[in-house]
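Residues per chain are reported as follows:
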Amino acid sequence: MDSETTSQQPKTSQVETKPKLNPNNRSFKLQAENIDVFYDDFQAIKDISLDIVENSITAFIGPSGCGKSTFLRLFNRMNDNIDGFHMNGKILIDNKNIYDESIKVEELRKKVGMVFQKPNPFPKSIYENVAYGLRIQGVKDEEFIENRVIESLKQATLYSEIEDNLDKQALSLSGGQQQRLCIARALAVKPSVLLMDEPTSALDPISSGKIEDLIHELKKEFTIVIVTHNMQQAARVSDNTAFLYMGNLVEYGDTQKIFTNPEKDRTQNYITGRFG
Amino acid sequence: MNNAKFNRLKDKAFKYTGIIASISGIVVLAIFIGFVIYMGVQRLSWDFIVQLPSRFAEESGIYTAWMGTVWIMVFTTLISFPLGVGAGIYLEEYAPENRWSKFLEINISNLASVPSIIYGLLGLGVFVRMMQMGNSILAGALTLSLLILPIIIVSTREAIKAVPSSIRDASNALGASKWQTIWHQILPASFGGILTGVILALSRAIGETAPLIVVGALVYVPFAPQNPLDEFTVLPVQIYNWVSRPQEEFIINAAAAIIVLLGITFIMNGIAVYLRNKWQSKMEW
Ligand SMILES: Nc1ncnc2c1ncn2[C@@H]1O[C@H](COP(=O)(O)OP(=O)(O)O)[C@@H](O)[C@H]1O
Ligand SMILES: [Mg+2]
Numbered sequence: 000m001d002s003e004t005t006s007q008q009p010k011t012s013q014v015e016t017k018p019k020l021n022p023n024n025r026s027f028k029l030q031a032e033n034i035d036v037f038y039d040d041f042q043a044i045k046d047i048s049l050d051i052v053e054n055s056i057t058a059f060i061g062p063s064g065c066g067k068s069t070f071l072r073l074f075n076r077m078n079d080n081i082d083g084f085h086m087n088g089k090i091l092i093d094n095k096n097i098y099d100e101s102i103k104v105e106e107l108r109k110k111v112g113m114v115f116q117k118p119n120p121f122p123k124s125i126y127e128n129v130a131y132g133l134r135i136q137g138v139k140d141e142e143f144i145e146n147r148v149i150e151s152l153k154q155a156t157l158y159s160e161i162e163d164n165l166d167k168q169a170l171s172l173s174g175g176q177q178q179r180l181c182i183a184r185a186l187a188v189k190p191s192v193l194l195m196d197e198p199t200s201a202l203d204p205i206s207s208g209k210i211e212d213l214i215h216e217l218k219k220e221f222t223i224v225i226v227t228h229n230m231q232q233a234a235r236v237s238d239n240t241a242f243l244y245m246g247n248l249v250e251y252g253d254t255q256k257i258f259t260n261p262e263k264d265r266t267q268n269y270i271t272g273r274f275g
Numbered sequence: 000m001n002n003a004k005f006n007r008l009k010d011k012a013f014k015y016t017g018i019i020a021s022i023s024g025i026v027v028l029a030i031f032i033g034f035v036i037y038m039g040v041q042r043l044s045w046d047f048i049v050q051l052p053s054r055f056a057e058e059s060g061i062y063t064a065w066m067g068t069v070w071i072m073v074f075t076t077l078i079s080f081p082l083g084v085g086a087g088i089y090l091e092e093y094a095p096e097n098r099w100s101k102f103l104e105i106n107i108s109n110l111a112s113v114p115s116i117i118y119g120l121l122g123l124g125v126f127v128r129m130m131q132m133g134n135s136i137l138a139g140a141l142t143l144s145l146l147i148l149p150i151i152i153v154s155t156r157e158a159i160k161a162v163p164s165s166i167r168d169a170s171n172a173l174g175a176s177k178w179q180t181i182w183h184q185i186l187p188a189s190f191g192g193i194l195t196g197v198i199l200a201l202s203r204a205i206g207e208t209a210p211l212i213v214v215g216a217l218v219y220v221p222f223a224p225q226n227p228l229d230e231f232t233v234l235p236v237q238i239y240n241w242v243s244r245p246q247e248e249f250i251i252n253a254a255a256a257i258i259v260l261l262g263i264t265f266i267m268n269g270i271a272v273y274l275r276n277k278w279q280s281k282m283e284w
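Chains as they are written, first to last, in numbering that gives the first Met the number 0: chain A, 0 to 275; chain B, 0 to 284.
Don't read these hints as lab results, they were simulated from the structure.
Watch out, some of these pointers could steer you wrong.
Said to hold, decoys possible - Label pairs and their computed distance ranges (CB to CB):
| # | chain 1 | residue 1 | chain 2 | residue 2 | range |
| --- | --- | --- | --- | --- | --- |
| 1 | A | 167 | B | 22 | 44 to 50 Å |
| 2 | A | 215 | B | 77 | 53 to 59 Å |
| 3 | B | 94 | A | 46 | 32 to 38 Å |
To be verified - Calculated cross-link-like contacts (lysine-lysine; reagent style BS3-like; alpha-carbon spacing at most 25 Å):
| # | chain 1 | residue 1 | chain 2 | residue 2 |
| --- | --- | --- | --- | --- |
| 4 | A | 256 | A | 109 |
| 5 | B | 177 | A | 139 |
| 6 | B | 177 | A | 95 |
| 7 | A | 189 | A | 153 |
| 8 | B | 177 | A | 123 |
| 9 | A | 209 | A | 219 |
| 10 | B | 14 | B | 4 |
| 11 | A | 123 | A | 110 |
| 12 | A | 209 | A | 167 |
| 13 | A | 95 | A | 153 |
| 14 | A | 109 | B | 177 |
| 15 | A | 189 | A | 218 |
| 16 | A | 110 | A | 218 |
| 17 | A | 123 | A | 153 |
| 18 | A | 103 | B | 277 |
| 19 | A | 219 | A | 256 |
| 20 | B | 160 | B | 101 |
| 21 | B | 160 | B | 277 |
| 22 | B | 160 | A | 123 |
| 23 | A | 256 | A | 45 |
| 24 | A | 95 | A | 117 |
| 25 | A | 209 | A | 123 |
| 26 | A | 123 | A | 89 |
| 27 | B | 277 | A | 123 |
| 28 | A | 167 | B | 14 |
| 29 | A | 109 | A | 45 |
| 30 | A | 153 | A | 109 |
| 31 | A | 117 | A | 189 |
| 32 | A | 103 | A | 189 |
| 33 | B | 177 | A | 189 |
| 34 | A | 117 | A | 218 |
| 35 | B | 177 | A | 117 |
| 36 | B | 177 | A | 110 |
| 37 | A | 123 | A | 189 |
| 38 | A | 123 | A | 139 |
| 39 | B | 101 | A | 117 |
For glycine and all other residues, C-beta sits at the position ideal for the given N, C-alpha and C.
Please build the complete structure, drawing on both the sequences and the hints.
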């Protein structure tokens with residue numbers, strides 16, 4: 000929103016090198032400051048700080064259980080309802096701490112959309128799935144809703160496949176179509192950030208490819224954070240990559256650099272498949 | 000005999016024990032129903048349904064009894080449905096997880112197995128005497144509502160639990176409030192299960208005799224009830240009354256009334272099964 004922080008240097012607490020994450024002096028969209036996350040006594044995230052610039056794609060990689068999903072869910076406060084969850088530190092979006100008491104979680108989530116690992120359309124029609132976000136905001140203008148539904152479906156590159164069947168049950172779509180529907184559903188409320196937690200891990204390679212292309216397109220309008228298990232995917236789609244290991248941020252920087260010439264042996268070992 | 004052979008023998012023994020157990024249950028039920036139909040079907044007629052009770056078996060009908068049953072069931076539904084479903088939603092979605100809610104949970108399950116006569120005594124003490132409702136339909140319906148509330152609460156919770164958490168996540172992630180998620184996603188997805196539970200609970204209530212006798216359902220009511228504070232009788236009480244008469248004719252009347260009561264119960268169960276199937280096929284994840 001404002002660009003007070005454009006001059007700020009990227010914060011990378013665990014990393015000695017300070018990669019150039021902010022080449023064009025774009026403002027930071029998302030900032031994590033000294034984040035610790037606990038599930039009861041178990042510490043899932045250990046003092047992570049990292050900044051993400053606007054309209055970029057950032058990939059979180061790392062072995063299962065290293066805390067990628069936990070970290071991602073901090074940005075739309077989806078951890079809040081988990082038993083035993085508590086945290087230290089700040090998450091800033093547009094320079095505002097989203098864990099501040101004045102923040103309404105519902106409002107936050109209209110700005111920060113999320114796509115899940117397993118496609119999870121509602122058991123309703125395609126149309127109603129996409130319209131849902133607007134309906135719960137109290138939008139009554141049906142023409143407005145219809146335009147937004149179509150716009151979102153087009154943006155998610157699904158419209159041409161289903162344009163005559165908007166009333167069809169969403170669960171009858173293929174897995175890849177369902178996932179693009181879920182993306183359209185998230186886009187329909189016009190967020191500025193999109194969080195994706197392994198969005199293609201349940202899909203076949205062709206469907207995954209379509210979603211990767213789509214993610215590339217969406218970068219123009221959204222700040223995207225994607226968790227992925229798939230190294231090639233991270234390398235293909237992201238601008239920056241963060242490698243997490245056992246709750247620590249091991250390395251964070253330019254994707255090209257992480258994959259060709261990482262600073263840390265641990266990163267090197269992971270991306271070359273020697274562990275994880 | 001080696002081990003495998005012995006196991007196969009055990010397998011067979013268990014299979015046949017199972018078959019015999021199920022068949023004997025079904026056979027006994029079939030004999031009972033057959034006997035009742037054999038005895039009662041001759042007495043079934045339009046007159047039997049629309050006539051008032053009488054001292055003479057041949058002129059006696061079940062009009063006041065089934066009207067009473069309808070009144071009681073309507074009020075029981077009006078009371079127990081919102082209360083039971085509301086409590087189920089509260090316990091499943093809102094109640095904090097602590098020792099108190101655990102205690103409540105265990106006790107609700109226990110309440111479902113308390114003998115119905117106890118509920119009758121409670122109804123007599125609280126609704127009939129303390130709240131001075133008298134031997135009215137309202138007192139009877141409140142008593143039956145207490146009786147079936149635990150069943151409705153438990154089945155509502157089960158139905159809500161069966162909704163996949165991914166649906167809840169999807170709705171929350173779009174900025175829905177807790178209530179919006181419940182209202183727009185959780186309830187529609189669990190409604191088949193909830194309705195099934197409610198109907199099965201009601202079809203239990205419709206056959207209850209003991210608690211209604213305790214709260215004062217009368218054995219002889221000359222007029223159909225006009226309002227919820229009227230006195231009443233219900234089909235099971237009428238049946239109970241008739242079978243305790245020595246005359247053969249009244250026993251036949253009882254058999255005919257049992258056919259009507261069974262018919263109503265079967266229809267209710269049929270509706271429950273139909274709704275469950277309909278919602279299940281709509282809600283394939
Ligand atoms: N709801 C939870 N309760 C307790 N521990 C959890 C919960 N969710 C995740 N964890 C633990 O936190 C760690 C990080 O989990 P997660 O963020 O899901 O990792 P990833 O997405 O990288 O596989 C794991 O060790 C996991 O067991
Ligand atoms: Mg994960």
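Verification of the hints:
| no. | hint | in the structure |
| --- | --- | --- |
| 1 | 167/A to 22/B: 44 to 50 Å | holds (47 Å) |
| 2 | 215/A to 77/B: 53 to 59 Å | holds (57 Å) |
| 3 | 94/B to 46/A: 32 to 38 Å | holds (35 Å) |
| 4 | 256/A to 109/A | violated (34 Å) |
| 5 | 177/B to 139/A | holds (20 Å) |
| 6 | 177/B to 95/A | holds (24 Å) |
| 7 | 189/A to 153/A | holds (14 Å) |
| 8 | 177/B to 123/A | holds (19 Å) |
| 9 | 209/A to 219/A | holds (17 Å) |
| 10 | 14/B to 4/B | holds (15 Å) |
| 11 | 123/A to 110/A | holds (24 Å) |
| 12 | 209/A to 167/A | holds (22 Å) |
| 13 | 95/A to 153/A | violated (32 Å) |
| 14 | 109/A to 177/B | holds (15 Å) |
| 15 | 189/A to 218/A | holds (14 Å) |
| 16 | 110/A to 218/A | holds (15 Å) |
| 17 | 123/A to 153/A | holds (19 Å) |
| 18 | 103/A to 277/B | violated (38 Å) |
| 19 | 219/A to 256/A | holds (22 Å) |
| 20 | 160/B to 101/B | holds (16 Å) |
| 21 | 160/B to 277/B | holds (19 Å) |
| 22 | 160/B to 123/A | holds (19 Å) |
| 23 | 256/A to 45/A | holds (24 Å) |
| 24 | 95/A to 117/A | violated (31 Å) |
| 25 | 209/A to 123/A | holds (24 Å) |
| 26 | 123/A to 89/A | violated (37 Å) |
| 27 | 277/B to 123/A | holds (15 Å) |
| 28 | 167/A to 14/B | violated (46 Å) |
| 29 | 109/A to 45/A | violated (28 Å) |
| 30 | 153/A to 109/A | holds (20 Å) |
| 31 | 117/A to 189/A | holds (22 Å) |
| 32 | 103/A to 189/A | holds (17 Å) |
| 33 | 177/B to 189/A | holds (21 Å) |
| 34 | 117/A to 218/A | holds (22 Å) |
| 35 | 177/B to 117/A | holds (22 Å) |
| 36 | 177/B to 110/A | holds (18 Å) |
| 37 | 123/A to 189/A | holds (21 Å) |
| 38 | 123/A to 139/A | holds (19 Å) |
| 39 | 101/B to 117/A | violated (32 Å) |
Against the hints set out earlier in the document, violations occur for numbers 4, 13, 18, 24, 26, 28, 29 and 39.
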